[in-house]
Amino acid sequence: MKIISDSLSISTRGFNDMKDLTGAIEKKLSEHSLKNGIVTVFVQGSTAGVTTIEYESGLVKDFSELMERLVPQHGSYYHDARWGDGNGFSHVRASLLGPSLIVPFKDGRLTLGTWQQIVFVDFDNRSRSRTIILQFMGE
Amino acid sequence: MKIISDSLSISTRGFNDMKDLTGAIEKKLSEHSLKNGIVTVFVQGSTAGVTTIEYESGLVKDFSELMERLVPQHGSYYHDARWGDGNGFSHVRASLLGPSLIVPFKDGRLTLGTWQQIVFVDFDNRSRSRTIILQFMGE
Amino acid sequence: MKIISDSLSISTRGFNDMKDLTGAIEKKLSEHSLKNGIVTVFVQGSTAGVTTIEYESGLVKDFSELMERLVPQHGSYYHDARWGDGNGFSHVRASLLGPSLIVPFKDGRLTLGTWQQIVFVDFDNRSRSRTIILQFMGE
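Chains as they are written, first to last, in numbering that gives the first Met the number 0: chain B, 0 to 138; chain D, 0 to 138; chain S, 0 to 138.
There may be inaccurate statements among the hints.
Any copy will do: because identical chains look the same in the list, a pair fits if it lies in one copy or spans two.
[To be verified] Within a straight-line C-alpha distance of at most 30 Å, the following computed DSS-like cross-link-like pairs (lysine-lysine) qualify:
id: 1; residue 1: Lys1; residue 2: Lys60
id: 2; residue 1: Lys34; residue 2: Lys60
id: 3; residue 1: Lys60; residue 2: Lys27
id: 4; residue 1: Lys105; residue 2: Lys34
In case anyone wonders, no lab produced these hints; they're calculated from the structure. On a predicted model such as this, the values are computed, not experimentally measured, just so you know.
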């Protein structure tokens with residue numbers, strides 16, 4: 000049983016920018032030569048989240064519009080009144096979606112569906128360089 | 000320390016059909032004779048999710064109505080415009096709720112509250128046969 | 000590789016009362032002398048949830064207002080009609096946010112961002128004493 004701490008570095012544009020991490024995580028899994036276990040995908044930071052989606056341009060826009068509808072960018076936020084960051088909406092979206100995702104793997108492959116990708120969504124109000132934690136546990 | 004890859008097969012009617020998985024997962028846990036660890040419940044597919052709820056008919060309807068209110072079935076979705084599947088709402092609901100749930104177990108029992116059940120919610124717009132991944136890690 | 004079942008006991012006031020668990024979890028991690036692995040934070044019960052947030056008073060209020068907007072306390076709930084508990088909104092909020100969070104740790108430290116705290120949110124409609132499950136897996 001091994002525990003392997005790894006990470007991915009990506010650049011994003013913020014404003015719901017959604018990045019498909021699936022290929023990069025599969026590559027890491029293959030490099031670590033693990034067969035069975037879980038990978039934890041964890042967002043280090045409070046203005047981004049992770050989930051899965053069928054990664055195609057229509058749904059990428061649909062998910063972005065949902066976030067804008069549920070948590071409007073130009074709504075009124077105590078965070079902005081207090082700190083002037085202007086990214087209150089980013090924080091609230093991130094807390095709603097959540098920072099952690101666990102994906103099992105079996106026989107060396109992630110147990111995703113055919114049309115299911117692991118995505119990182121950057122909710123911040125500017126471009127960011129991001130480190131995403133990957134923790135593999137398995138054998 | 001063991002890693003056990005298992006799964007459940009269920010049939011659903013779609014449209015927020017909510018299934019209580021608790022008994023089936025407890026049965027698997029007992030069969031695998033594990034005492035302490037975690038089970039990962041993972042949805043293979045992009046139109047369903049997992050969470051916990053007090054599984055009684057009132058809340059099953061309340062949760063379904065929430066989903067309809069936040070992500071209306073007959074809203075306008077780029078996914079539908081592009082692919083004609085008519086299940087854009089299903090995908091967006093699934094991404095919002097999330098595909099993975101981790102439940103610890105201790106002394107051979109899931110650490111759920113008395114009125115807390117593990118549920119699978121099928122958001123698709125048709126009946127489906129579903130495979131739900133269960134990955135046990137423990138001893 | 001060790002599996003350590005632990006827990007935290009806290010008191011809350013309900014109504015979206017948000018508690019920062021980060022310091023208490025870091026203390027437990029240090030006591031258990033683990034270097035690398037994951038901790039599962041799990042809500043035992045069906046009227047509270049966990050996530051991460053920048054824990055400052057503005058965002059605490061912003062998140063509370065989001066919950067009230069998405070799932071109004073004084074909305075109409077089948078749960079309340081059937082059981083008279085008056086906390087239908089609490090259950091639905093809890094299922095939406097989710098009961099489990101996994102945080103990796105590395106070199107004895109949680110892999111959180113600088114402005115990212117682990118929080119428990121009690122959605123119930125009264126004061127509660129809560130047990131939060133912490134399950135450490137690592138070495």
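Evaluation of the provided hints:
Proximity of Lys1 and Lys60 under a CA criterion of 30 Å is satisfied in neither setting, with 38 Å inside one chain copy and 41 Å between copies. Taking identical chains as interchangeable, the C-alpha atoms of Lys34 and Lys60 are never at most 30 Å apart, the minima being 35 Å within one chain and 40 Å between chains. In this homomeric assembly, Lys60 and Lys27 come within 30 Å of each other (Cα to Cα) only inside a single copy, at 28 Å, whereas the closest approach across copies is 39 Å. Taking the shortest alpha-carbon separations for Lys105 and Lys34, both the intra-copy value of 6 Å and the inter-copy value of 22 Å come in at or below 30 Å.
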